[in-house]
Every structure is written in structure tokens, then in C-alpha cells.
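Once you've looked at the hints, dock chain B against the given chain A.
So the sequence lines, in the order shown, correspond to chains A and B. No gaps in the numbering here: position 64 of the first sequence is 569 in the numbering used here, and each next residue is one more. No gaps in the numbering here: position 102 of the second sequence is 110 in the numbering used here, and each next residue is one more.
Simulated from the structure, these hints should not be mistaken for lab results. Just so it is clear, the structure is predicted and the values come from calculations on it, not from any experiment. Some hints could be false.
Said to hold, decoys possible - Simulated restraints on C-beta separations:
#: 1; chain 1: B; residue 1: G24; chain 2: A; residue 2: L546; range: 28 to 38 angstroms
#: 2; chain 1: A; residue 1: N589; chain 2: B; residue 2: K17; range: 14 to 24 angstroms
#: 3; chain 1: A; residue 1: L546; chain 2: B; residue 2: H58; range: 19 to 29 angstroms
#: 4; chain 1: B; residue 1: F84; chain 2: A; residue 2: V557; range: 14 to 24 angstroms
#: 5; chain 1: B; residue 1: E62; chain 2: A; residue 2: K523; range: 23 to 33 angstroms
#: 6; chain 1: B; residue 1: P26; chain 2: A; residue 2: E574; range: 48 to 58 angstroms
#: 7; chain 1: A; residue 1: R519; chain 2: B; residue 2: P26; range: 44 to 54 angstroms
#: 8; chain 1: A; residue 1: T617; chain 2: B; residue 2: S60; range: 22 to 32 angstroms
#: 9; chain 1: B; residue 1: G24; chain 2: A; residue 2: E574; range: 48 to 58 angstroms
#: 10; chain 1: B; residue 1: I64; chain 2: A; residue 2: L546; range: 21 to 31 angstroms
#: 11; chain 1: A; residue 1: V517; chain 2: B; residue 2: T68; range: 41 to 51 angstroms
Stated by the list, open to error - These stretches of chain A come out as covered by chain B in the derived footprint (C-beta under 8 angstroms, 3 or more residues):
#: 12; stretch: 575 to 585
#: 13; stretch: 598 to 604
Every residue gets a Cβ at the ideal spot worked out from N, C-alpha and C, and that includes glycine.
If you want the building blocks of each chain, they are given just below.
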Amino acid sequence: DVKVTQSSRYLVKRTGEKVFLECVQDMDHENMFWYRQDPGLGLRLIYFSYDVKMKEKGDIPEGYSVSREKKERFSLILESASTNQTSMYLCASSGTATYEQYFGPGTRLTVT
Amino acid sequence: AQRVTQPEKLLSVFKGAPVELKCNYSYSGSPELFWYVQYSRQRLQLLLRHISRESIKGFTADLNKGETSFHLKKPFAQEEDSAMYYCALKGGGYNKLIFGAGTRLAVHP
Numbered sequence: 506d507v508k509v510t511q512s513s514r515y516l517v518k519r520t521g522e523k524v525f526l527e528c529v530q531d532m533d534h535e536n537m538f539w540y541r542q543d544p545g546l547g548l549r550l551i552y553f554s555y556d557v558k559m560k561e562k563g564d565i566p567e568g569y570s571v572s573r574e575k576k577e578r579f580s581l582i583l584e585s586a587s588t589n590q591t592s593m594y595l596c597a598s599s600g601t602a603t604y605e606q607y608f609g610p611g612t613r614l615t616v617t
Numbered sequence: 009a010q011r012v013t014q015p016e017k018l019l020s021v022f023k024g025a026p027v028e029l030k031c032n033y034s035y036s037g038s039p040e041l042f043w044y045v046q047y048s049r050q051r052l053q054l055l056l057r058h059i060s061r062e063s064i065k066g067f068t069a070d071l072n073k074g075e076t077s078f079h080l081k082k083p084f085a086q087e088e089d090s091a092m093y094y095c096a097l098k099g100g101g102y103n104k105l106i107f108g109a110g111t112r113l114a115v116h117p
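Pulled out of the complex, with its shape left as it was, chain B reads as follows:
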């Protein structure tokens, strides 16, 4: 079955500390994965996708097919990174996405 697992509901770090938001997936085939972010009182928006291999706001994510993971990383967290982060997997036709349960990142000063 296609599934996305985000094992941490809350990740709490201090400003300047490294951040890793975990995401594991289950998918038979060639996966396409995404990270979406929702800042307080803002709408959910795409942060990055694995196929573009880009760094957005200092965040990167590498697809590891061996470990079926797509962890989101940032070397030095900023307070403005505090938000809800969702990992998502391409889930079949019509551009459907399967979302994980989300991880709330809290960056403290």
C-alpha cells in the first residue's frame, strides 16, 4: 500500500541548531516526493520536490530509495522556520498526493 510516515508530531529545536524532519514512504514504482509547509495563519504551500533537487529557504531533501526516505534538512534553523511540515507522495493518477500526518517544527530563540 502507498503510505507516507512522519514519525515525529513535534520537533523542538533552538535557533541555529540543525534540523531533520523525517519522512518514510511505501510505494511500488518510481516515487515522486514533495515537502509542503504551512506557516501560522497561512495556506499550505509547496516547499520543494525531489525531482528538482533544489534548496529552498536553506532546506534540502534527498530521496534515499534504499531506505525509502525523504528527510528534510536544514543546517541552521531560524525562528521563521517554525511551521507545520507535510511530506507527500505521488499517489496515482489525476495528480493525487498522499500526505503524511505532519510534523510541527518549533524553533526557539
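Here chain A stands alone, though its shape is the one from the complex:
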């Protein structure tokens, strides 16, 4: 059974803080993704990674960066958190054989 875990379910940070969101998958998947989930906007892709140390921008990368030093771990970094980054963040992974993505439980980030 695929397991994708995220480091925190809820996080509260102050404006200007550096924020790290971590995601770990245990299925040896090559591809990993970070999304924002906002009401009325659906899921928007922030960044994705198709291999260790490889990353590509998604649709809304501004204000974010990512790191993938190990295959199972994909980190999302907010260099200087802002209130408009208050959102639910979802991590997902997938193998190369299908387009099915497996999602983590999400991190609800509030920036005050």
C-alpha cells in the first residue's frame, strides 16, 4: 500500500519566516509533486521532481523552492512566507508506469 506522509498537518508561521514542508513516500516512485489546494481554484501545481536533484516549475512557482536530495523525500520551501501563501499544501507521488498520483494528507499552513 502506497504511503505518502507529510511532516505536519497544521502549521502556523509569521510573515517573513522561512518555512519547510516535507514529504516522504515509501514506494520508490520517481515523480513527486507539490500542490496548493484552494477553494474554487482546485489543485495548482507548484513544483514537481522526476528524479533526485531534478525539479521543474509548475504553474505557480513564485515564492517557493524545492529540494530533492533523496528519492523518497521532496521538500517545499517558502523562503519568506507571506499571508497569501496561507493554504492547504498537498504532496503526491507517482511511478512511471501510470498517471495515478498518490497523495499525502496535506499540511494546512497559516501565515499571520
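Just chain B now, with coordinates in the frame of chain A:
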């Protein structure tokens, strides 16, 4: 441009009524489409994909290339079907998906 449109933010029905969640897509090429579901306090999960042509939890979805649609249907809604439903389209390499804005289905007793 590749796009997924779910025109309804909320669909409210009574138990036992038929349900149709609409999804339209824009894609040049042979589309692959999916429905994902998120129940309350659970993670987002795949419900069904068009290539498998299966029925999951009584839901079916048919790809209509002429109308560029992939509507999700169920003949008799159950209260446990209440959830957020997202339509998704294969969006290029590396298994990227393009998601619609989602439709919240509320099934009332």
C-alpha cells in the same frame, strides 16, 4: 491550452437521486482523464480513470471526445458519496496532471 473545467462548485441532491458531475476538457491529442475524490478528513484518492472503463462505488464516467467531456455519473446517490470531486487530465510528461477546480457533492437524507 490544456484545461479542465468543472462548471459547478456545489451540487446538492437528495439520497436516491441521480448524480452527474460535469467535466469538460481542452487538450490537443489523445486525452487521458481521471476522477479523484476527497472525503471529509481523508486524503485525495483516485476514483476512476477513463481507460479502465470500470464502475467504482457505482460511479461511471464516459469519455466523449466530440463534446470534450468526461462527466461522472451515478444513478442513485448515497449520503456517503458526499465529498469533493476533481476531474483531472494528463498534462504532459512526468505523469503531470491538470486538475479542475472541483465540485462539492452534498447528498442529503
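The hints, checked one at a time:
no.: 1; hint: G24/B to L546/A: 28 to 38 angstroms; result: 32 angstroms, holds
no.: 2; hint: N589/A to K17/B: 14 to 24 angstroms; result: 21 angstroms, holds
no.: 3; hint: L546/A to H58/B: 19 to 29 angstroms; result: 24 angstroms, holds
no.: 4; hint: F84/B to V557/A: 14 to 24 angstroms; result: 48 angstroms, violated
no.: 5; hint: E62/B to K523/A: 23 to 33 angstroms; result: 45 angstroms, violated
no.: 6; hint: P26/B to E574/A: 48 to 58 angstroms; result: 50 angstroms, holds
no.: 7; hint: R519/A to P26/B: 44 to 54 angstroms; result: 49 angstroms, holds
no.: 8; hint: T617/A to S60/B: 22 to 32 angstroms; result: 45 angstroms, violated
no.: 9; hint: G24/B to E574/A: 48 to 58 angstroms; result: 52 angstroms, holds
no.: 10; hint: I64/B to L546/A: 21 to 31 angstroms; result: 26 angstroms, holds
no.: 11; hint: V517/A to T68/B: 41 to 51 angstroms; result: 42 angstroms, holds
no.: 12; hint: 575 to 585; result: violated (count 0)
no.: 13; hint: 598 to 604; result: holds (count 5)
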